[in-house]
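Residues per chain, in single letters:
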Amino acid sequence: MSLLEQQNFLARLYTDAALRRAFLLMPEKVGAENGLNEKEVTEIAEIMPEELNFFAESLFWKRLREVEKFLPLTKKVLAGELTEHFREFSQNFNPQTVNKHFEDALEFCRSLSKSKISELSKNVAKFEQKKLEFFGGGQRITICKLDFDIRRIVRQSADSQGESPKRKTKFAVWLRVNRKVKHFFV
Amino acid sequence: MSEDRNQKQNTQKSLGAGIGFREQFRGSVFLNQDKIDFLEITTDHYLDAKPDKLGALKLLKEHFPLIPHSLELSLGSAEGIDEEYLEKVAEIVEFIKPPWFSDHLCFTRSGGVKIGHLAPVPYTKEAVRVFVKNIAQVKSRIKTPLILENITYLVRFPSSEMPESEFIKTILEETDCGLLLDVTNLYINSQNFGFCWRKFLDEIPLERVVQLHFVGSNRHGKRLIDAHANKTEREIWEVFAEVCKRSEIKGAVLERDADFPPFEEILEELETARGLMKIQNLKKVSAV
Numbered sequence: 004m005s006l007l008e009q010q011n012f013l014a015r016l017y018t019d020a021a022l023r024r025a026f027l028l029m030p031e032k033v034g035a036e037n038g039l040n041e042k043e044v045t046e047i048a049e050i051m052p053e054e055l056n057f058f059a060e061s062l063f064w065k066r067l068r069e070v071e072k073f074l075p076l077t078k079k080v081l082a083g084e085l086t087e088h089f090r091e092f093s094q095n096f097n098p099q100t101v102n103k104h105f106e107d108a109l110e111f112c113r114s115l116s117k118s119k120i121s122e123l124s125k126n127v128a129k130f131e132q133k134k135l136e137f138f139g140g141g142q143r144i145t146i147c148k149l150d151f152d153i154r155r156i157v158r159q160s161a162d163s164q165g166e167s168p169k170r171k172t173k174f175a176v177w178l179r180v181n182r183k184v185k186h187f188f189v
Numbered sequence: 020m021s022e023d024r025n026q027k028q029n030t031q032k033s034l035g036a037g038i039g040f041r042e043q044f045r046g047s048v049f050l051n052q053d054k055i056d057f058l059e060i061t062t063d064h065y066l067d068a069k070p071d072k073l074g075a076l077k078l079l080k081e082h083f084p085l086i087p088h089s090l091e092l093s094l095g096s097a098e099g100i101d102e103e104y105l106e107k108v109a110e111i112v113e114f115i116k117p118p119w120f121s122d123h124l125c126f127t128r129s130g131g132v133k134i135g136h137l138a139p140v141p142y143t144k145e146a147v148r149v150f151v152k153n154i155a156q157v158k159s160r161i162k163t164p165l166i167l168e169n170i171t172y173l174v175r176f177p178s179s180e181m182p183e184s185e186f187i188k189t190i191l192e193e194t195d196c197g198l199l200l201d202v203t204n205l206y207i208n209s210q211n212f213g214f215c216w217r218k219f220l221d222e223i224p225l226e227r228v229v230q231l232h233f234v235g236s237n238r239h240g241k242r243l244i245d246a247h248a249n250k251t252e253r254e255i256w257e258v259f260a261e262v263c264k265r266s267e268i269k270g271a272v273l274e275r276d277a278d279f280p281p282f283e284e285i286l287e288e289l290e291t292a293r294g295l296m297k298i299q300n301l302k303k304v305s306a307v
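The listed protein sequences correspond, in order, to chains A and B.
Our numbering puts the first residue of the first sequence at 4, with every later residue one more than the last.
Our numbering puts the first residue of the second sequence at 20, with every later residue one more than the last.
Next comes chain B alone, as it looks inside the complex (with noise of 0.2 Å):
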């Protein structure tokens, strides 16, 4: 990462713990304002968005900081960027100014067929080259900071050339971008596929990671999945304190989307990801 774009996102003040907004949770996130400290928006729900809506997206941009989280960069595509796709996020972070977005580090369509959601693509330094590509495309369209999230894969590519880690690093490193590091996503990733999570922290740059995505998994037969849909638990959030313990997050994002609990159930996951997020703080101030 540059020393500027470096110094940027390290003084860039935290901004606490939030959650991904839902329209099931307009009336409470209003309701308890002084208990959320920001919010991530999908990107997508606002794309071509009538004026209704985007009248919508202005009063939450009035009421909290926003963070707009994409899903259809597909900056894994081989084939490249979808400049109309990029055109119209783009004019939805003009309009946010956010001190961040975010996007998925897979590809989500290929060759006229969309694929429907996230999917991994093998470890290889010809696909970190076309990461390389497309976010380069993106940073000169989106002066904004870009923030890359991994993924969970239910699908492994023998042809390979290295492992999970070195990829993201790589990216990271070569594109000058932040992480949003998925702690869920992690968590699932190791126990579906018998590594150690805490090897993987320490093998990305956690200097980079610059916001969390945290919510419970679910259990499908033998493996986990990340169905956004349970309360976060215990096992992720040690992920989530470990991290805190060794990086300077400047934000944390709960995303539920199904199975929605009582909003106190969510308030208090804000709590505790807070309170961990204070470790961080404290930790920094025990330094000087």
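The following block holds chain A by itself, in its conformation from the complex (with noise of 0.2 Å):
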């Protein structure tokens, strides 16, 4: 096998879930049907399936650290919730760019508005992805409306607890103003 092979296949097996768990239940069928030959697929199959299984859980939970770092807010509202929906997403999604980290969490929030979520979550995660798309593509003013008053949420440390804010619809703006940025909600 060459070592190109080789990387492709395991590039895909080190970020598809779905595959790597079918590939270590039957490494021949899944082996052949993505182009290995016997030699190809024991070369693979000889990793030991904890250490693959480890490494790709390692890969995602730094993916997944990163993204948080975008998005505090969502990380807030969604707490217990944002990790089966980023694994569900990361799934989906393999960055291109040398933004990575940006581009995942700017296309993270945007797979969050059709998602199982609740409103107000899906308010948060869209006031951060206008937020990163304000910040990211150097508009000039970026205008969010959104259903539910988040600016307790927005004004609070990401870590503070308290009630979930009313139904009524806000709008966030940021502008910038001689190089420098206003952001405010009306």
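Think of the hints as simulated: they come from the structure by calculation, not from any bench.
Everything numeric in this text was worked out from a predicted model, so none of it was measured.
Hints may be right or wrong, so weigh each one.
[To be verified] In the BS3-like style, the derived pairs of lysine-lysine whose C-alpha atoms are separated by at most 27 Å in a straight line are:
id	chain 1	residue 1	chain 2	residue 2
1	B	Lys-188	A	Lys-72
2	B	Lys-152	B	Lys-188
3	A	Lys-78	B	Lys-133
4	B	Lys-133	A	Lys-117
5	B	Lys-133	A	Lys-65
Assembly of the complex is requested from the two constituent chains, each provided in isolation within its own frame, with the hints serving as guidance.
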């Protein structure tokens, strides 16, 4: 097996949980389906499953930790649900740019708008998505329509607890004026 | 290593003890400029950067010696170097004009999939050839000396044809590169896979060590991992000290990425590193 073929398959094994599970269960069948011959399957199957899974999990957690840095409010409102949603998202998206964590965070926010999460959580994710788009894209102005008054969540620290925000239409605005950024709600 | 390059690296003045720059440290590094000898910047944070970010890099450059450290050259990728990425790294290196820059002995992408972190390659002759070819391409674009970092690995390849130490040695010698020895990675691998790190040091060309990385390890179940989130423990200082005794390192960088402690703790670690690096200098003086 050439190193190129091996790396192509390994990169998928590390990042695709379904393929990994299937390969560990039926290496010959899954290997053949992916164009590997018997010797090639044996070479990869010799890697200890425990090591393979541990490495793949470590990649997932590293990726999640980086994304969380961009989305402190989404992390707060989703709490324990965040990991589950990011796990699902990470199986379908592979960032390609040099700003991979930023790209990951932005795309994850977009995906949350279609996820089964509370409307409040969707609003917070949308707020952080627009914020990232503003700072990442260099627009002069970004306006985000929200269905909840999330100002308290935004202004308090990401770790604080409190009552859930009330449903109320609000607009979050980011504006660049003379190289300075202004942010406010109306 | 060619005599010229070797001579250049050996005569290069030691940069001392520095830290991997993180935005969280921005205020503290300027406040403690006299206690930080140099900064290592993650090149990837400045690729495609907007003018304000590049302005921030320029400000760092005006106050500290900087060493660029990149993450995604993917020198072990059999599909070759991503020329667009290489060009961007080259621009940053040319802007900083450092004495050296670094990346890892690993692959991070293949077949259109970005793995997201540093993945090991099997220690085979074919993998050596891939590294040699890719590094030659990097060197033809970037004239600043490239140094290569050993990684932690969580998977091992039974198809490997040689031990890691021989693999590293062969690549360093065939590419004429220096080594960025991550003493934490070495210690973690030795604990996870039951080998003696002293023997590993015996087997690699220590005269090629240019820089060190260090930070504490984290335990995850029965394994140690390199989360860059802990204070350097005694065992890792032991590896650090041993390397200082045996080679003429030009700089050491504390790599802290998470669970940031009060900055005083970072400074204390730098002081410890500086003290251990002095052993090296004292050794040279006593030899004279």
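Now the hints, each set against the structure:
| no. | hint | verdict |
| --- | --- | --- |
| 1 | Lys-188(B) / Lys-72(A) | violated, 37 Å |
| 2 | Lys-152(B) / Lys-188(B) | holds, 16 Å |
| 3 | Lys-78(A) / Lys-133(B) | holds, 24 Å |
| 4 | Lys-133(B) / Lys-117(A) | holds, 25 Å |
| 5 | Lys-133(B) / Lys-65(A) | holds, 14 Å |
Checked against the numbered hints given earlier, the structure breaks only hint 1 and satisfies all the rest.
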